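Novice: Residues per chain are reported as follows:
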Amino acid sequence: MLRRYTRPITTPAAARAVRDYNRPFVSLLSDFGARDPSAAICKAVVLSIAPDALVVDISHEVEKFQVRDGALLLWCAVPYMPIGAHVAVVDPGVGTERLPIAIETARGDILVGPDNGILGPAAERLGGIEWAHVLENPEYRLPVISSSFHGRDLFAPAAAHMALGVPIHVLGPGIDAAELVQLEWPVPEIRDSEFLTAVIYVDTFGNVKLAGEPSDMLAAVGPVEYGQALEVRLNGRGALAAAFWADTFGRVPIGELLVYEDSYGRLCLAENQGSAAARLGLEEGSAVSIGRA
Amino acid sequence: MLRRYTRPITTPAAARAVRDYNRPFVSLLSDFGARDPSAAICKAVVLSIAPDALVVDISHEVEKFQVRDGALLLWCAVPYMPIGAHVAVVDPGVGTERLPIAIETARGDILVGPDNGILGPAAERLGGIEWAHVLENPEYRLPVISSSFHGRDLFAPAAAHMALGVPIHVLGPGIDAAELVQLEWPVPEIRDSEFLTAVIYVDTFGNVKLAGEPSDMLAAVGPVEYGQALEVRLNGRGALAAAFWADTFGRVPIGELLVYEDSYGRLCLAENQGSAAARLGLEEGSAVSIGRA
Amino acid sequence: MLRRYTRPITTPAAARAVRDYNRPFVSLLSDFGARDPSAAICKAVVLSIAPDALVVDISHEVEKFQVRDGALLLWCAVPYMPIGAHVAVVDPGVGTERLPIAIETARGDILVGPDNGILGPAAERLGGIEWAHVLENPEYRLPVISSSFHGRDLFAPAAAHMALGVPIHVLGPGIDAAELVQLEWPVPEIRDSEFLTAVIYVDTFGNVKLAGEPSDMLAAVGPVEYGQALEVRLNGRGALAAAFWADTFGRVPIGELLVYEDSYGRLCLAENQGSAAARLGLEEGSAVSIGRA
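Residue numbers (my numbering), protein chains in the order written: chain V, 1 to 293; chain X, 294 to 586; chain S, 587 to 879.
No wet-lab data here; the hints were simulated from the structure. Please note that a few of the clues may not be correct.
Said to hold, decoys possible - Cross-link-like lysine-lysine pairs, in silico, DSS-like; alpha carbons within 30 Å at most: (1) V:K64 x S:K650; (2) S:K795 x X:K357; (3) S:K795 x S:K650; (4) V:K64 x X:K357; (5) S:K795 x V:K64; (6) V:K209 x X:K502; (7) X:K357 x X:K502; (8) V:K209 x V:K64; (9) S:K795 x X:K502.
Everything numeric in this text was worked out from a predicted model, so none of it was measured.
Please take these sequences and the hints and turn them into a complete structure.
Specialist: What follows is the structure in structure tokens.
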């Protein structure tokens, strides 16, 4: 049920992206955690190079080593970010032979991070990859590179310089986009009018993002109206729950489950004012199927 | 023991509030959590509209769906914020018929959020409500409004535009301040020289904010000196603890309880270098009474 | 095994520190927690005084009351920060007779916080103490000083004014650097070619910082090559584990332990893509010894 990432959802709802050449923009995403100073150090390195830069932290609480979570959160965020350089560091392979890269997208952004797939979905969502380069030029790194903190020594400086206007090809040799590492994502299947999918992310509310798009689910189960019940089955455990197809939480009573299209256009399962994940024991990778009640 | 919120505590200790017309100011408060990108997306939406805005995150870790916690934290923070637009989104009713509103205060701030009471205490603390308007004008929203993320699609854009100087009445029709939803807060009682109150917030140190003001408590129990012991009773469970009336933590030995006026002028119960909440098993709503030892 | 802090590790890898006189810089570090509004209030107080200041949050999730953790994280961060005023508030003695101080360093930074040792290691890392002054001048405080929130009322305003150029001696009387409180840190010992040390910090990955420097450990156990196994003994419990001396995580298989020099030049113990602290049951103060396998 796994294949390579293919098709991101584009959303027309995004804010009008702006590029302000007087104000370089850099965003940061990582699994560094809020307690340690790592994220602030990356920000300070950007500001040492580009003192006028506007720096926004997307999240530093990505679950440790979960590259796919990082890729998904970056995918959610970038359409709303001003055009700029976006650094994403969930990097279990730091210090190994995995390449440090930068990607220039059709929208004009630069994505910076390890070549482990974390940048791919965001790149597609920003119009696709125009150029990809390996970060090799020592001029755009800190003077000494540690083997365990490339966010600080390599990615943050590269992003700051590119946000200031250094062209991506100056950073190092080009690399064919087809050679970049791609993540694998669960792919839903349809069987007997049932939509077989899997959990790809549980947010801090306990809302559960599922693989596949709402239109795919509707194609499987057939037409349903808002407020109509669906049956949610947790594969491998046989448990059942009723969930309403709904446009928003308030459509169902407090404590009831709903299946809905979330604000990024994704298929989600939630409990109104509760945690669907806690209630159903769901975590990333859990198999879920949706059918008519 | 519950009634509508009435009287906020004003504090003369606040920083001199400034309005810098060259630098629009926006603050953000929510229960979105630090792990998900929602808060950063709201910030980026503000910056897409108002690239020169200064944006401060008050907190995005308000306990999920706890509107009253959000209202209290906003009340604590706004006197120290520069004059600007303050967005508060703890919004269990998102997507339902609850109104999206903006309030202009006597100090000159704009408060933006759902009409569920979260803005009321802050509005009173900023001098009271001058105008209240419903956010209806599609010019000041994102092009497509989701049914589950009004922080991004509706509140952040409205705040950014008003921080830039768009007058509040342009955003939508006026609404009578008396019609706005108001929160209910516990109200202390006095019985036999005992001050009967309740926990309204437990902070990250485990310090416990109680309903009522220090002067109310002192009126109930009679004159006490700093360092004098009080008796704290946990209603309904009968447990007793000694706590010293104190001006600060260091007044009592490490590990001892104190009752004090906190830095916002509120009545609090704490343990010096420990968690009073954990020690006494207190949480929001717990009934507490204070009397002479 | 405890003595006063003496020798910080200097690292040539730091970003080039910059001072931009058009853009005052202030960093903030505390144990206030991300949920409460305290950290944002300190930031807003800085911005009320210095509206053009750039403010970076190093961390507000320092473990409650752990002054030494705060000192270590500040030590990690300051070399990468632009030259400016750095506020550090882990302050169990707030409101007692402990002094509020500011330190000017050789690099040109101002460190601001309680005189409990939290500023010392950072001061040494920034070239040492040039001047130390007590914060007494009421002109550079908020109008009313609470007894429990000096971060807001005293330290943030002082830092903002000094970031704007107010000379340190204007804030209050000088104090001899030798009179400042210094923290005690574990000091490693060598016994029978074994390096006896202790845990001084566990980061959010579960990586464990140990007292002492990598060169000290190597001097104890004798020459080892990357990839060579060392024996880690948890003193007092006798448990043993094999850990490889390595330059980076990827040098050892996933799930294996490594001993390495971290990106700040410190001696560390980690598990590749896991938590060494959880696996070995380590916490601050745990005794650890390292010897040849």
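Novice: Now tell me, hint by hint, if it's right for this structure.
Specialist: Tested hints:
no., hint, in the structure
1, V:K64 x S:K650, "holds (23 Å)"
2, S:K795 x X:K357, "violated (34 Å)"
3, S:K795 x S:K650, "holds (19 Å)"
4, V:K64 x X:K357, "holds (23 Å)"
5, S:K795 x V:K64, "holds (18 Å)"
6, V:K209 x X:K502, "violated (37 Å)"
7, X:K357 x X:K502, "holds (19 Å)"
8, V:K209 x V:K64, "holds (19 Å)"
9, S:K795 x X:K502, "violated (37 Å)"
The structure fails to meet hints 2, 6 and 9 from the earlier list, while all remaining hints are met.
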